[in-house]
Amino acid sequence: MFYGVQSKSISSVALYKKRPTILHLNVVPFIVLYLYLFYLFIITPAPIRPIVEDISSDLNITSNNDSTTTSSGGNVVDAQSNNVNIVDNNNNNTNINSTANGMTSGMTLDGSDFYLFLLGVTACLHILSWLFKYWSVEYRTVVSMTKVSNISDASMIKVVPSSHVGSKTICPLIRDDQRQLYFEFQKRKFTYDPDRKCFKRIKLIVPNTTEQLLQSRGYDTQELLTNAVQQFGLNRFDIPLPSFLHLYKEQALAPFFVFQVFCVLLWCLEEYVLYCLFTLFMLLTFEATVVKSRLRNLMSLREMSSKPSYPIYVYRLNQWKQVDTSEIIPGDLVSVGRGANEAQSTIPCDLLLLSGQCVVNEAMLTGESTPHHKESLQERSQSSSKDNQIDLKNDKIHILFGGTQIVQHSCGERLNAKVSKPTDRGCIGYALKTGFDTNQGSLMRTIWFSSERVTANNKESFLFIAFLLVFAIAASAYLFWRGFEDDDRNKYKLLLHCIMVITSVVPPELPMELSLAVNNSLIALVRLGIYCTEPFRIPFAGKVDVCCFDKTGTLTTDDLILQGIASCPQQSESGSSSSPSSSNSSDLLLPADIPLVINYILAGCHSLVSIDGKLVGDPMETASLKSIPWNCKGDISSHQRKKVFIEIVNRYLFSSDLKRMSTIANVNNDGNIVSYAFCKGAPEVLKPFYSSIPADYDNIYKRYSRQGSRVLALGYKKISTENQSTMKQIQRDVTECDLEFGGFLVFDCPLKPDSKDAIEKLAQASHSIVMITGDNALTACHVAKQLGIQDPKLPTLNLTANGGEGGVPTWISVDETVNIKLEQNNGAHLRELSRLYNLSVTGQSLSLITDNQKLQSDLYLVQVFARVSPDQKQLILTNFKENGHHTLMAGDGTNDVGALKQAHVGVAILNKGDPPPPKLIDTNPRQIMKQYQQRGPQAAAELTKKLQEELKDSEVQMVKLGDASIAAPFTSKSSRVIPVTHIIRQGRCTLVTTHQMYKILALNSLISAYSLSVLHLDGVKLGDTQVTLAGMLIALCFLFISTSKPLERLAPKRPNPNLFSPYMMTSILLQFILHLGCLIFIVREANDRTVGAKPKVDSTFEPNLVNSAVFLISNAMQVATFAINYKGHPFMQSLQENRPLLYCLSSVWMLGAILSLEIIPSWNEYLELIPFPDNTFRLLMFGTILIDLVGAWLIEKLCSTFLKN
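Under the working numbering, the first residue of the sequence shown carries the number 783, and numbering increases by one thereafter.
Don't read these hints as lab results, they were simulated from the structure. One should not assume that every hint holds.
To be verified - No farther apart than 16 Å at their CA atoms in a straight line, the calculated lysine to aspartate or glutamate pairs in the EDC-like style are these: (1) Lys-1408 / Asp-1327; (2) Lys-940 / Asp-958; (3) Lys-1074 / Asp-1020; (4) Lys-1408 / Asp-1530; (5) Lys-1663 / Asp-1327; (6) Lys-1567 / Glu-1542; (7) Lys-1031 / Asp-1002.
Stated by the list, open to error - Pairwise CB distance ranges, derived in the manner of DEER restraints: (8) Lys-950 / Asp-1002: 42 to 48 Å; (9) Asp-1539 / Arg-1207: 50 to 56 Å; (10) Gln-1171 / Arg-1207: 46 to 52 Å.
The model shown is predicted, which means the values in this text are computed figures rather than measured ones. C-beta: ideal position from N, C-alpha, C; glycine also.
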């Protein structure tokens, strides 16, 4: 039994066996059909004769056996061979060659003609059946494969990926030399596990305890090494570069492109040669630009993927030997360190640090340039007696990610008795993942496989097209029914027109216009310093209704200011921890006045590193050291005025789960060496670690937290000098117990300059704003009120899990004066509380709402989530999504990865980023030209060069590593918050643009369905020049719509997120009725003034009054449709501001007015319009055009006013 696949990126798989080509369902049936038709065509056309005789008898036409028959009407019919002579009473002879006309006259039908027609239809179906094998994986499996359940019978596997991770595909099953079965999907290898009966990722089985890992010896036998090389392959990114023709062929076989060409050929059969050539040229040119863009992106990706390989030491076969970095395999012991250049400092794959210390720059993955300390498992084993298990998902402090840079390293102790120190004195890492399996490889796959062009392939689009298809099928059925009743009608052309009516519902230009709209948004975002790896998410930004923000580093700046120490012990060396029972602002000791022992804690408990003489690391620690008179050079700090030195001997790094860090350090005070344990962390976390605390411990830190300050508790204790030799082996839990209270470190955490402005704009734009932070709840609530996330006039309630009597969940106000019991079975009570109070929930009490079916749908009413872990941040976003909200999450690319991934729109804001300089092409061109002209010809040449470079950059280009964060689909290179509003503005603009495109295309399709059916039956037909002109108008208008820019100011309301809404449907139907009424009226008036017989349906185009009038009113309707349904304010440029579109529409409308009034007769003649009979008709035409325009405007205004979103 086969159970599938174990992978989050793959939804399902199915096993298949290839059938021989001759047994494909699109081979044998068609061969049989071809042979049968050929047989009938060559040998026996007789089977068609009964049909011919039936048709002939209905038309009173003799068979070939009768020479002459006189009909009841006196007409003589002479049927000889293939010629039919009809003689009327006036002796007028008409000779009709039935071989030439066949079904055209409906009188005789030669069998060979009929079989040739069937042969052509069969050939078309056969070609379509082959194309469907390219288009549909499901069709391909049905036609050419057999589904099997036994893995041993399978040769192919169908892979269905998860949403937005790529498209379905069929992969070959491969058996290697070891008879191992596997397949490759999106550059990752999935191997069959016969025990579990499923495919799973090729992963190294990593020992899960520190002891096992520290006893690793790499590959100590050649057999193990050979098997591993075969299993994991090379450590490199292999990205093929196809040729231009190969990609163009792939584009040309796409369903929409084939459909577009098919539509063009249909029109070509209708003798619209000029229109077809224009449309075909436009399609081919657009596809060529798409192929060129894809090639450029693939080349860019190849450049990013070409990691510089260099020799590196690997422990294999019981010795250190040099190999190329591309030869590293998972399970290897690798020596890494800061090399002689940037390339040799790059980590070649994902490693688990076993021995030594590293400081790495992870900007290539996260976009954050702040270096990070990495702790080895050797240090961990020495510092902890409890936590022996390794969790590779959460213990990232031990992982060196491939592609990141080592900026500092120190060699550790010998790993174990059997593994010597590396020859190059590097840090020892255990290779976890290589190639595309690394985090860097994952980011590259995201950029590669998620950057498919946006199409109309979504459920809502298909339903919308299906809605239009109902009208088209009705019109086509009417055309077929009426046309079949007409004996003089060409049945071939009738069938052709029925197909044209149906295909008019799916406009060929739709995918092209959607791609243009999204691509223009991508270009606009890049100019703003915002990079997107998943373009399909841009329209999601227009639907966002809940905006979530991390606090620290996102809403507040990283440039913290140390205000002082609160409740500081006055006798630093006595161990006394007494402090005042009540405190006020005067209790805050300034940094210059704090006791020496507190200086020791600040200078000896940090994770800062000195790189090229510059101190880098956590902003809070940097601010602490800058405020005291100490010089820090990594692990060694010295007093600026005294002979005091501190050396950090052991460091237990900060963890978001533990919310604390600690160190062991030697303090050398003028030759007197004393060893200390220093600790700092969240006040509520460190409270149980002190030997004694002040009576008002809680009141003091809460008071400063309520003021918006960040508060850290400090602790210290002396360590006996007897333990000097074993200080590195002291366990963390021993270090962090029985501490002396050192006071509270109080920081001012200023808001970013634009945070309040950005939050106000988002709130005014009808978004719910939520803060999700790991910081203290009191601090978070204070900042939330400063920013307007919470109402400053309302008191704030914080949910406490056991704060009430009897330990029941209770809402407690910030000042602890209000206590309200949580009603766990009453969602209405929670909604009522949200009207009267600001609500805050901590991570400890979060499950009280998320796990409650009555309350979880109202979680969005909580404005502040504090003291939440990264996993809880992700849980909050998941809850919002499951309850129908469209979410945005903004945070940093390090701690908020899960939440950023879970949101519809995740925005990684880089703390050290700078806003991009303004582009010349975005500024006033006249002003720029004037400035450069004043500076002379050399400046003008410089301007030209800059503009050319910017125009080149304006093309959609693939996001580069370092620009994008692996954490989120959107990355802002600016540290400001305002880019969030840019993303939403651009998303709204794109969403509105796509919706108005659907609306315009819907109206055009409905009018076309009527024109191609009812009017066609009346012989109404447009000329080639006329159709080409109309096609150019539509193409230009859509182009100008797609280039519309969003307004600088966010609108106070959100756009309608759905295509199917009362406003959209009502507006479309009413406008269609108006256009239809105007069209019918003009056609009737033109018919009343037409002299002579109506033109035949299948005749060639000849100018007459009816088709001249239809051309003019149709063009006017096109103009009205674009002008009225262009949304403009408040989401995008108005029609007046979108000058190209305005000029295009006004020019065409004025042209229509001039032609209607026949002001310049030569123009009418060029466009194949006949002179109108009188002034009354001219005024009637102009008046109808005007009424159509004004009426459509009134309908749109009424619908948008009374049918609000």
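Quiz item: Which of the stated hints cannot be reconciled with the structure, identified by number in ascending sequence?
Solution: 1, 2, 3, 7, 10
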